[in-house]
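Colleague: Here's the letter readout for the chains.
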Amino acid sequence: MDLNRRPRLATAWLGGCSGCHMSFLDLDERLIDLAAAADICYSPLMDIKEFPEAVDIALVEGAVANEDHLRDLRTIRARSKTLIAFGDCAVTGNVTAMRNLFPLENILEAAYGDPAVVRALSAPPDPVPRLLGRVLRLHDVVEVDWYLPGCPPSADSIFEIITAVLAGKKPPGGRKFGC
Amino acid sequence: MSVHTLEIDGRMVTALEGETILAAAEDAGIFIPKLCAVEGLSAPGACRLCMVEIAGQNKLRAACLTRAAEGMVVRTETSALREQRKLLVELLLAEGNHVCSVCVVNGYCELQSLAAALDVDHVRFTPRYPARTIDLSHERFGLDHNRCILCTRCVRACDEIEGAHTLDVAGRGRTARIITDLAEPWGHSESCTGCGKCVRTCPTGALFLKNKPAAEMKKDSGFIRQIIAARREKIWI
Ligand code: SF4
Ligand code: SF4
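Residue numbers (numbering that gives the first Met the number 0), protein chains in the order written: chain Z, 0 to 178; chain U, 0 to 236.
It should be emphasised that the hints constitute simulated quantities derived from the structure, not laboratory data.
Values in this document were obtained by computation on a predicted structure and should not be read as measured data.
Hints are not guaranteed to be accurate.
[Stated by the list, open to error] The calculated lysine to aspartate or glutamate pairs, modelled on DMTMM-like cross-linking and capped at a C-alpha distance of 25 Å, are: (1) Lys169(Z) to Asp143(U); (2) Lys217(U) to Glu76(U); (3) Lys233(U) to Glu52(U); (4) Lys169(Z) to Asp125(Z); (5) Lys85(U) to Glu159(Z); (6) Lys217(U) to Glu159(U); (7) Lys217(U) to Asp26(U); (8) Lys169(Z) to Glu76(U); (9) Lys58(U) to Glu18(U); (10) Lys85(U) to Asp118(U); (11) Lys168(Z) to Glu49(Z); (12) Lys217(U) to Glu138(U); (13) Lys80(Z) to Asp55(Z); (14) Lys168(Z) to Glu82(U); (15) Lys211(U) to Asp118(U); (16) Lys85(U) to Asp139(Z); (17) Lys168(Z) to Asp27(Z); (18) Lys85(U) to Glu142(Z); (19) Lys58(U) to Glu6(U); (20) Lys209(U) to Glu232(U); (21) Lys209(U) to Glu138(U); (22) Lys211(U) to Asp134(U); (23) Lys85(U) to Glu138(U); (24) Lys168(Z) to Glu142(Z); (25) Lys211(U) to Glu109(U); (26) Lys85(U) to Asp27(Z); (27) Lys169(Z) to Glu82(U); (28) Lys80(Z) to Glu18(U); (29) Lys169(Z) to Glu89(U); (30) Lys168(Z) to Asp118(U); (31) Lys58(U) to Glu138(U); (32) Lys80(Z) to Asp139(Z); (33) Lys169(Z) to Asp32(Z).
Please build the complete structure, drawing on both the sequences and the hints.
Modeller: Here you go:
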């Protein structure tokens, strides 16, 4: 890490419920410490459209469920030094991947009931992204450096993993899926 | 009854004649991971998580099936054993449909706790997402095959403690599954007494009480030991 600048921290949101980000906000006053220790340069909590270059740590919530997620995750990986799979959907697929038990067409039929909508969604108009046939975990698509399970991970565990990675240390393990 | 002295993880431990390494270790407060062995039930040696190293033997041994012997030197926690256990837990997680966040035993599941204890923070294998069913035909109990790890604890509790033998395993390999009676819906079973022993013994959320919402079902297979002791001592409280 360049010692002359604060490390750059990004958080991203793919196919998840945003619960991991809510837990991130539960850092409460520790967000102030975090903002002092790192430059939070991109997040769904901020109004920035493009994932920036030269990110040191990226926390990625959610599974890869559509073509936008696929593209965004590859960009995030290419531009980030350390990528953390943030929460169960990113790590295991979790609830987002429960649809993998059924063919995509059946899911769309059950959700919309209208064959015309189902047809439209199999080749959707811009900017609606096409759903992938199967929901993927982050490490199915890119290399992941650290995994933080939990649905959602507790604020403490989020703080601990960021602090450890900032300090160049191995994050603590022993975290449960779910809970 | 003769007593053996052996060494487990550098500690001197005593075991009664015929006692397994697992029982001797547990008596001494040494934790060996396991998912299928339950004190008081027969041991099938199915889960392979309790494999240990014994000095002078070039094969790993299942602690639940290997008798403690005089002078044995056992190691339960080496980096190779740890790696093997992580692999086994990852295979179990990849094999079924385990979604902890929406499970009735979230927070109390033995598979979930073991994964955390072994630092399994992700699964290296591609999940199978098998098409499995849920049997909700019984009035009070449910059987969700998605969460079943085929440890057969339920089968043994039902057969060996309740004496009903309602449950068994049908099929082979990846089609293996728990059945009730002759693979009929549980609710139609004539042999099931409705005792609930299977539900309490199941380490995962595969067997559950129907009226419990997510994350509210605690289980404890320790009751088997109590029943056996009560029968032996003829003390019924
Ligand atoms: S409720 Fe009792 S009798 Fe019925 S299947 Fe379970 S253990 Fe067997
Ligand atoms: S239902 Fe539960 S106790 Fe029975 S084999 Fe499956 S995981 Fe084991």
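Colleague: Please go over all the hints and tell whether each is borne out by the structure.
Modeller: Tested hints:
Our distance criterion of 25 Å between C-alpha atoms is broken by Lys169(Z) and Asp143(U), whose separation comes to about 37 Å. A hinted pair counts as satisfied when its Cα atoms are at most 25 Å apart, and Lys217(U) with Glu76(U) does not qualify at roughly 28 Å. Taken as a hint, the Lys233(U) and Glu52(U) pair is broken in the structure, with Cα atoms around 39 Å apart against an allowance of 25 Å. Proximity of Lys169(Z) to Asp125(Z) is assessed by CA-CA distance (about 42 Å); at most 25 Å being required, the pair is judged violated.
Distance restraint check for Lys85(U) and Glu159(Z): the Cα-Cα separation of roughly 23 Å lies within the 25 Å cut-off, and the hinted pair is therefore satisfied. Between Lys217(U) and Glu159(U), the direct Cα distance comes to roughly 23 Å. Compliance with the 25 Å bound is thereby established for this hinted pair. In summary, the hint linking Lys217(U) to Asp26(U) is supported, as the alpha carbons are separated by about 24 Å, within the 25 Å threshold. Between Lys169(Z) and Glu76(U), the direct Cα distance comes to roughly 21 Å. Compliance with the 25 Å bound is thereby established for this hinted pair.
Annotation: proposed proximity of Lys58(U) to Glu18(U) holds, straight-line Cα distance about 20 Å (limit 25 Å). Only pairs whose Cα atoms come within 25 Å are accepted, and Lys85(U) paired with Asp118(U) is accepted, the gap being roughly 8 Å. As the CA atoms of Lys168(Z) and Glu49(Z) are separated by approximately 29 Å, the hinted pair breaks the 25 Å bound. Proximity of Lys217(U) to Glu138(U) is assessed by CA-CA distance (about 20 Å); at most 25 Å being required, the pair is judged to hold.
At most 25 Å may separate the alpha-carbon atoms for a hinted pair to count; Lys80(Z) and Asp55(Z) meet this at roughly 5 Å. Proximity of Lys168(Z) to Glu82(U) is assessed by CA-CA distance (about 22 Å); at most 25 Å being required, the pair is judged to hold. For the suggested pair Lys211(U) and Asp118(U), the alpha carbons sit about 29 Å apart, so the restraint of at most 25 Å is broken. For the suggested pair Lys85(U) and Asp139(Z), the alpha carbons sit about 19 Å apart, so the restraint of at most 25 Å is met.
The straight-line distance between the Cα atoms of Lys168(Z) and Asp27(Z) is roughly 24 Å, inside the 25 Å bound, and the hint therefore holds. Note on Lys85(U) and Glu142(Z): the hinted pairing holds, with a Cα-Cα distance of about 20 Å set against a maximum of 25 Å. Restraint check for Lys58(U) and Glu6(U): the C-alpha separation of about 18 Å stays at or below 25 Å, so the hint holds. The hinted pair formed by Lys209(U) and Glu232(U) fails the criterion: a straight-line CA distance of about 34 Å is larger than 25 Å.
At most 25 Å may separate the alpha-carbon atoms for a hinted pair to count; Lys209(U) and Glu138(U) meet this at roughly 8 Å. For the hint linking Lys211(U) to Asp134(U), the alpha-carbon distance of about 16 Å falls within 25 Å, and the restraint holds. Under the criterion of a C-alpha separation no larger than 25 Å, the hint pairing Lys85(U) with Glu138(U) is inconsistent with the structure, at around 37 Å. Taking the CA atoms of Lys168(Z) and Glu142(Z), the gap is about 19 Å. The hint holds against a cut of 25 Å.
Taken as a hint, the Lys211(U) and Glu109(U) pair is honoured in the structure, with Cα atoms around 18 Å apart against an allowance of 25 Å. For a cut-off of 25 Å, the pair hint linking Lys85(U) to Asp27(Z) is broken: about 35 Å separates their Cα positions. Between the alpha carbons of Lys169(Z) and Glu82(U) the distance comes to roughly 18 Å, so the proposed pair stays at or under 25 Å and holds. Between the alpha carbons of Lys80(Z) and Glu18(U) the distance comes to roughly 53 Å, so the proposed pair goes past 25 Å and is violated.
For the given pair, Lys169(Z) sits about 21 Å from Glu89(U) by alpha-carbon distance, which is consistent with the 25 Å threshold. Our distance criterion of 25 Å between C-alpha atoms is met by Lys168(Z) and Asp118(U), whose separation comes to about 16 Å. This hinted pair does not check out: Lys58(U) and Glu138(U) have alpha carbons roughly 47 Å apart, beyond 25 Å. A C-alpha spacing of about 18 Å is found between Lys80(Z) and Asp139(Z), which places the hinted pair at or below 25 Å, so the restraint holds.
A C-alpha spacing of about 20 Å is found between Lys169(Z) and Asp32(Z), which places the hinted pair at or below 25 Å, so the restraint holds.
Checked against the numbered hints above, the structure violates hints 1, 2, 3, 4, 11, 15, 20, 23, 26, 28, 31; every other hint is satisfied.
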